[in-house]
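Visitor: So the protein lines, in turn, are chains D and B. Going by my numbering, the first sequence opens with residue 1, and the numbers climb by one from there. Going by my numbering, the second sequence opens with residue 1001, and the numbers climb by one from there.
It is worth saying that the hints were derived from the structure and are not from the lab. No experiment lies behind these values; they were computed from the predicted model shown. Hints are not guaranteed to be accurate.
A few chain B positions that, by computed beta-carbon distances, are all more than 12 Å from chain D [said to hold, decoys possible]:
#1 G1147
#2 D1319
#3 A1326
#4 D1344
#5 V1418
#6 Y1423
#7 V1426
#8 P1437
#9 G1563
#10 V1635
#11 L1649
Coverage of chain D stretches by chain B, computed from C-beta distances (three or more under 8 Å per stretch; other residues unrestricted) [unchecked claim]:
#12 29-35
#13 38-50
#14 53-65
C-beta atoms are modelled at their ideal positions from N, C-alpha and C, and glycine is treated no differently.
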Amino acid sequence: MRRRRNGLVAAFVAALSFATAACAGVEPWRRSRLAPPHMALDACPENRRLREHVYESREGTVPAERRGGGGCGCT
Amino acid sequence: MGEAVAVPERSVGIARSACAYPVASVRPSSTLQALSRAAVALPMLASSVYAEDGDVHFQYGRYREGDRDLAGVDSDYDPIQVDFLQAGARGTLFDRISFSFDYLQDTWSGATPISIAPVQLRGNRPTNPDGMSGATPYVNGELFLDGDLQVLETDGFGNLTGEVDDELVHTIAGASPETRRQVQLELGYDWTRAALRLGGGVSVERDYLSGYVDLGGSLDLDRGNTVVDLALSFTQNEIDATLDHDAVPYIDTGGYEDEIHRDDVGNLTLKDTSRDLRASAGVTRILDERTLVVASARYIHSSGYLENPYKVVQVAFIDPSQQFLAPPGGYYANVHALLERRPDHRNQVSLSTRLVRYLDWTGASLHLGYAFGWDDWDVRSHTLDLEIGQPLPWSFTITPRLRYYSQSEADFYRSYLVSEQAYQTVEIGPGGVTLRPYDRSLLPNHFSSDHRLSAYGSLAAGATLAKDLERGVHLELSFEYYLHRGDYRLGGGGEASFADYDAWTLSGVFKVDLAALANARVRSRQHAHRAGAAAPQGVMGAHLLPESGFMFGYRAIYGVRDGDMGRGGRGFVGDAELVARACRPNTCGKVPEEMQEHRHVFELMYAPTSWLTLAVMPQYVDKEMKLRQLDGGAVDDHAPHQRHGNGGLGDLRLSALGRVLSFEGHELRVGLGLSAPTG
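Looking at chain B on its own, in the form it has when it is part of the complex (with noise of 0.2 Å):
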């Protein structure tokens, strides 16, 4: 039997809080209510409008690959690496009208696949003395074919072995860092039995602008037993792609003669645009006292360029005309790397369904999902997944997790191609010498090699540890370690295992529930009156916390500076001068012109005692820095570098704050800080 428990007339519509952590664990007056309320309520979808006290929350997450099979190959580069950081706010405006604000931001580095390529190629070879592969990937070059189009394998001098090698390997380029900023936000409108919501956001990063509206709603049809939730969504994609400078001269770009353009610094840059429409509905259903399931159903057409910019296919091209260089039986092919090609619509439809139920023996909860996706470009997917959150002493809650993933390959996902033609002909005419280009009719309409469209499985475990503080301070720290494997592909028939990666994600998150945080106060002002309370932030000595108590503040700066190099108060330093007296022995060619900061300042004040508060300030820091050419200085081989950003953790600086003295009308406070070098 269930506990009965009165249910407020205002409760029986459908609440949805999104995290629902216990405000009844500081406001014990209204346990009742706040069981009520959950009580009463069906827990959403994913797609939860807003949470109805409201809450400030604060995120930082860091996601790293960790390094790729080259065959033998040391690479220099870094495995992809992004730092995360989300800041938000839920809460009601008025009675019915509610609000969620979302602010993302990640930064990416790292190296990236460009291409696969057989090892024979050698495409990560060295190109440093210390025997590292450098910037430059080699994505042009020659094969040796058998008469089965094997490639053979060669001394690294072009004098085969008499073996065939048909392994395969990507070959690695290095991704320019790069911050993307998204802001979101959400209004919803809730009735007693349905709710509305009307949300809409940016996503701002160097090469892709993304923008979206977002309208949805949900209907309780049957006293929170069932639940039907809608949702439509359009986006708008605007692709402005800085090709990679260091490939580029390396890259057959026919093809996209209407969508690449050289821009005022000299970059070769793709610009077109994509669309996407998204459709989902679900049904959410209490079965019984300990079980609810959902089923939803969602829909994505996209349209336009929907290709990625920095990936290449290498095509082997067997020139009729050089076969004296094949061996005997065999062929001679030169490589030439082609912008990747897909078709110009994808439809994607899911069918997913969760399982949520109670287990009375340890009182937690399991979370079983399974979603099978399917679309027009061939790929297949599977999706498994388990949680059991855990409740434990102290307000902690454990949730274990595992995760498999199996998908099958697009129709047009090939490692590489070979094309029985040259791949420039030379034509003597009237007109004099012209070269012609190959037939690209005689390629596929559509190639890519990116591992995304591969077929292979995933598995991915991890957990959550959830502790609720008092005054609705919410904490949680997720650990997840990914495995990427072509022959964990469901049934087999997966890519081989050079495309195999690990990864890891670390998170953590930081909430303030705004209702109990309020209730606490009211309980304690009586502190209110205390020296320093009511200072601003950021005025250093001035918040001596009351025993137990805590502060959380949040700045967030920004800063711009121009590149002029100054001389010590004396002028500047011109081009010239920097050529002539900074560039020696090396030569440099590039200047800063313009550079930007956004860091974003966390203080967390805790006082174990009524004369001692401890603080903790970590801090994200993201630059990004504007170049230009210097004059007279030496010019790049490649496509100029225009921008170059990065972000991720600044340092951590600790603190401690004491009353030494006090006496009637005056303290003396003593405070110690010291910065450690995280950053």
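Isolated chain D (complex conformation) (with noise of 0.2 Å):
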């Protein structure tokens, strides 16, 4: 188990590396693709929360928000 944890943990790590360091950046003035509103991280926050908080409460994984609040959860 130890040894998949590790191996999750360097594989996720070379990604990082290699999305970060292999790549020499874009200029700001050829980016109009990535301007759209659609390309946004979160393009509608407010649906995204609500989906979040419902997958919180009936889900046991990891939090996807990076808050706290949100309640109980109880039932």
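Since each chain sits alone in its own frame, please combine them into the complex, following the hints.
Guide: What follows is the structure, encoded as structure tokens:
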């Protein structure tokens, strides 16, 4: 189990290094395709928060919300 | 090649438009500016600090679960249903200081599993003459087991059929409706290449008080190509749970002597605290002109009371002194329900990554995410989600969505327990007869049958339809259907099918971009001198809008009244008179003491012509009634009820206001309205 977990961490770090180091970057005037609203990482935060509130209440995983609150979810 | 655009100096910093719907559509002269600002911005993690131009938003949503499989029993409980309401605003206070404020509330009602038991225990057996299971779940009873501790089938009257029946079922109990309210505030400070935010919030519900503070920051490392995001959050929770009044006489609360108290009206309440410390770090990186990638890690340390106070685990006690009732070669067991017990610490870690890619052939955005989570309760999870945001003509955007989730079970998850000891032993000594309870050390240290800690998978599919209207108004309608299945678990081995259920979530968002609205107001200033244009909201007949004009309003109404029962202006009715004259032929035991009402009224007005204005007024209402014992009335066999609450959509009011005559300085207007019984 520990070996598998270490492997996952190593793969994650490798992917992160690749993402941050292997690219030269894109100049601001070449980012027009990244600009449309639907390209935003959190295009519709209200609906996302509601969905994640439901998931957090009904599932046993690590909550996606970085902040606390959210209530008991005991039912 | 991307388009070359001018980059305003101030906008080179980290802009974090949370839902950057195109203000360009209402501000043509600023199209280039808006695009420039968006182009240099690196869309941030989900922890966006603020919308640069500010917005006001409202959301209503409903979550509802489908019926559970109760092995042929028809329960009279409705499944879990939740009504969500959210209202908030984001904006800038000064040049670099931003804020966001949100009010959220959700009202839960319906039935929930209290435990898992063999079908042969008949925990959901009918208690009403109509054959439906009623208010009191049967969590205690008797079982016959064979030599391998498998459950033997009976005919319902204690007669064995000779067959093994290991089928399980949830025991369903009614959850009393309750409303949770949460307020949260966040302030941000924005430098050219960095941002800091400080936030906090409080969540209040009848049995749970939670407060948190949150500190986070973002740093642009490479002209917007790479942004690092860090956050730290601390949460303190106070549990004050009134145990299920219907089931509590049948639940063993042993082991919680220090936490359980009887309140001033006789309810058994469990009081304790818990804390969460959350830390997260993420990196967002532009890979190329079409691709963004995010990698983030999150750690949560929880401590204190981490149990669910409304869940029990049923234990089949095999009492050696009662084995004369056992079948040949088997065992006879008495079943009792114990409050669940979890470790008082939990460490959770998740690693997640997300890729966002622009698709040239349709102009759509592809969002692909994966998250892996594990904790020291041995719950490991995989979450894979896919979204495609496709712009459509007429300012529509459709976003279909697919999510797969799988988790393993907690190492202390048990459907039920078998313990080879007596639940109680009668001891006769010099001091008289005493009852010695079971030996807790012979049970596992921790046990829970909460289905959220079981092994299962889920599949959710849905879509969001968004529409940008004029003057910065943005609408969204979202639907998702959710399948919880034991056999969807990655690699198999999930919980049996008794725990499967379906659910759906429907929500709508109404959002106004304040900058675009202000701009539109300047352009339509010529309408400001029309009759009624400056009248405050709620003035009937005043708001006849200009052609194509719209108005949005929101009113929060709070009311409280006592429970005194009047006699048509001739004094009040006392308890003795109620008992004597109003409680026949049935007995009554409770009377209202106080009722509170919160009413959120939304007003949407639109003028298709200059002489007609249409209005729709949806409203959300929640009420809570506090009860007291009727002096001289019947006493509840169970622990007394103290409060009841409920909430949801109220009646929908529709109206039309028209100008039928107009002459110098005077207008004659006619209004017509009706109330649709949607509540």
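Visitor: Per the stated criterion, does the least C-beta distance between B:P1437 and chain D lie above 12 Å, as a non-interface residue requires?
Guide: Label holds. Min Cβ-Cβ 27 Å, cutoff 12 Å.
Visitor: Is the nearest CB of chain D more than 12 Å from the CB of B:Y1423?
Guide: Holds: least Cβ distance 26 Å, greater than 12 Å.
Visitor: Quick one: work out the minimum CB distance from B:A1326 to chain D and report holds if it exceeds 12 Å, violated otherwise.
Guide: holds (37 Å)
Visitor: With d taken as the least Cβ-Cβ distance between B:G1147 and chain D, does d exceed 12 Å?
Guide: holds (34 Å)
Visitor: Does the claim that B:V1635 lies outside the interface with chain D hold up, using a Cβ gap greater than 12 Å?
Guide: The assertion about B:V1635 holds, with a minimum of 28 Å to chain D.
Visitor: Hey, does B:V1418 actually stay past 12 Å from chain D on C-beta?
Guide: holds (24 Å)
Visitor: Per the coverage rule (Cβ-Cβ under 8 Å, at least three residues), is the segment 29-35 of chain D covered by chain B?
Guide: Holds, because 7 residues of the segment 29-35 of chain D bring their Cβ atoms closer than 8 Å to Cβ atoms of chain B.
Visitor: At 12 Å, judged by beta carbons, does B:G1563 keep clear of chain D as stated?
Guide: holds (27 Å)
Visitor: Just want to verify: B:L1649 was marked as not at the interface with chain D; is every Cβ pair farther apart than 12 Å?
Guide: Label holds. Min Cβ-Cβ 16 Å, cutoff 12 Å.
Visitor: Residue count check for the segment 53-65 of chain D against chain B: does it reach three with CB-CB under 8 Å?
Guide: That given contact holds, which follows from 10 residues of the segment 53-65 of chain D lying within Cβ reach (below 8 Å) of chain B.
Visitor: State whether the coverage of the segment 38-50 of chain D by chain B holds or is violated, taking the criterion as 3 or more residues with Cβ-Cβ distances under 8 Å.
Guide: holds (count 13)
Visitor: Using Cβ atoms and 12 Å as the threshold, tell me whether B:V1426 really stays out of contact range of chain D.
Guide: holds (36 Å)
Violated hints for the displayed structure: none, as all numbered hints are satisfied.
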